[in-house]
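Model the placement of chain B on the given structure of chain A, informed by the hints.
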Amino acid sequence: MIKTDILIIGAGPTGLFTVFEAGLLKLKCHLIDALPQAGGQCTELYPKKPIYDIPAYPEILAGDLTMKLLEQCKQFEPGFTLGERAETIEKQEDGSFIVTTNKGTQHQAPVVAIAGGLGSFEPRKPLIHNIADFEDKGVEYMIKDPEFYRDKKVVIAGGGDSALDWSIFLSDIASEVTLIHRRNEFRGHLDSVDKVQELKNLGKINLITPAEVTGIVGDGAVKAVVVSQAKHIEKEFELECDHFIPLFGLSPKLGPIANWGLEIEKNAIKVNNALDYQTNIPGIFAIGDVNIYPGKLKLILCGFHEATLMCQAAYQIMNPGKRYVLKYTTVAGVDGFDGTRKEAPKAVVKAFD
Amino acid sequence: MEQDINITIIDREGISHTIEAPTDMAMNLMEVVRVYELAPEGTIGICGGMAMCASCQCYVLSNTLLPEMQDDEEAMLSEAFFVKDNSRLGCQIQMTPAMEGLEVKLAPAE
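From first to last, the protein sequence lines are chains A and B.
Here the first sequence is numbered in our numbering, starting from 1 and rising by one per residue.
Here the second sequence is numbered in our numbering, starting from 1001 and rising by one per residue.
Each hint should be verified, as a subset may be incorrect.
What the hints assert, rightly or not - Heads up, simulated BS3-like pairs for lysine-lysine below, C-alpha to C-alpha not over 27 Å straight-line:
#: 1; chain 1: A; residue 1: K266; chain 2: B; residue 2: K1105
#: 2; chain 1: B; residue 1: K1105; chain 2: A; residue 2: K125
#: 3; chain 1: A; residue 1: K49; chain 2: A; residue 2: K144
No lab work stands behind these hints: they were computed from the structure.
None of the values given here were measured: they were computed from a predicted structure.
Chain A extracted, bound-state conformation (with noise of 0.2 Å):
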């Protein structure tokens, strides 16, 4: 069982900037996230394109932002579940909550703060009427560890940015990569394109283009795949492999959140938005883009406000009727629970001669 004092379900910006405000207010926090990896939305869909309206960044790239923000919270040590979905929610007899994943972890808090975006990003996956007999039998829709491809015969299929990369990374690992896509055009960064032609003409990855999986061999197992390709003639034919990589991109389901007993209206969570964003069950809040209340906007920098204010309802829950005073970063430092210290320099006092 993860213990902490806040479990903030979703790390996208809004998520990791509570790490930052519970900190300065001595409060622990563990995130949950279906993605493998911090950042939500910005670094799953975007991290390459730039955000303007983050206060004090004319310009800043959502997968730069994602850094900044995980380097702001370092210091108070955020725990992070990720890859695995929230999934259940019990309230316990002592006013607690304990979320179980998908994969069983379990995570126990006094408070809960969903700050969940659109919802968990779940894969896309291909129209292939037998994919489902193979999941987790030889497809996978998500590269956790790549290790696990070691040696192994790996067909991906997909025209983006990370069908490119895994393609690119996995050339070392795997004994044999191949790419399939659609279309002879690929819609990813211009150093993941170049990269992997130059891996093409190495023969370390196998490219066929213009081409789909229609369709996938095997008993209990992946063994092949059937790849129809249109180049010239059209042709179908079987290839034989170990995993099949399906990287259509994500897109995000609200999912099991939604049988919590909360208040939902328009796929989001109603929260009381004249006080602290709590949900209509205490105890638990709804931050950033998952919420919703009169006049709400989707953004970045109203999420931070939301989870700011969150933070202070927090406290009150965990230490009643403690009287606590707002405190400046500037004047009063920063205590990491790492044993760090940030502190404004101290004015130098020196008289002239």
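For chain B alone, kept in the frame of chain A given last:
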């Protein structure tokens, strides 16, 4: 102020809506669908309009002369599901006077 245009959007339930869309708000078709709440929030325009998801895919039914497809839209549609010859991404269709009479059907949610 420029004139509003009349367009018809058939939602995912098959219900047809003829609506007035403003041409002076730099709005695209995906945003019009959201403003009129013709698809549940969270199921359309997920990437915000960067042609990086296919949640605003629609089938163009009228023979309106549409803006030419750019590389990123074409690439996204090549990875989308339920794609037909008349598929377009709503976020890439700007509401201009030339879109008067446009008729589209929203593609199924993935």
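How the hints compare with the structure:
1. About 21 Å separates the Cα atoms of K266 (chain A) and K1105 (chain B), which keeps this hinted pair within 27 Å; it holds.
2. Between K1105 (chain B) and K125 (chain A) the CA atoms are separated by roughly 23 Å; this keeps the pair inside 27 Å, and the hint holds.
3. The straight-line distance between the Cα atoms of K49 (chain A) and K144 (chain A) is roughly 24 Å, inside the 27 Å bound, and the hint therefore holds.
Hint compliance for this structure: every hint is met.
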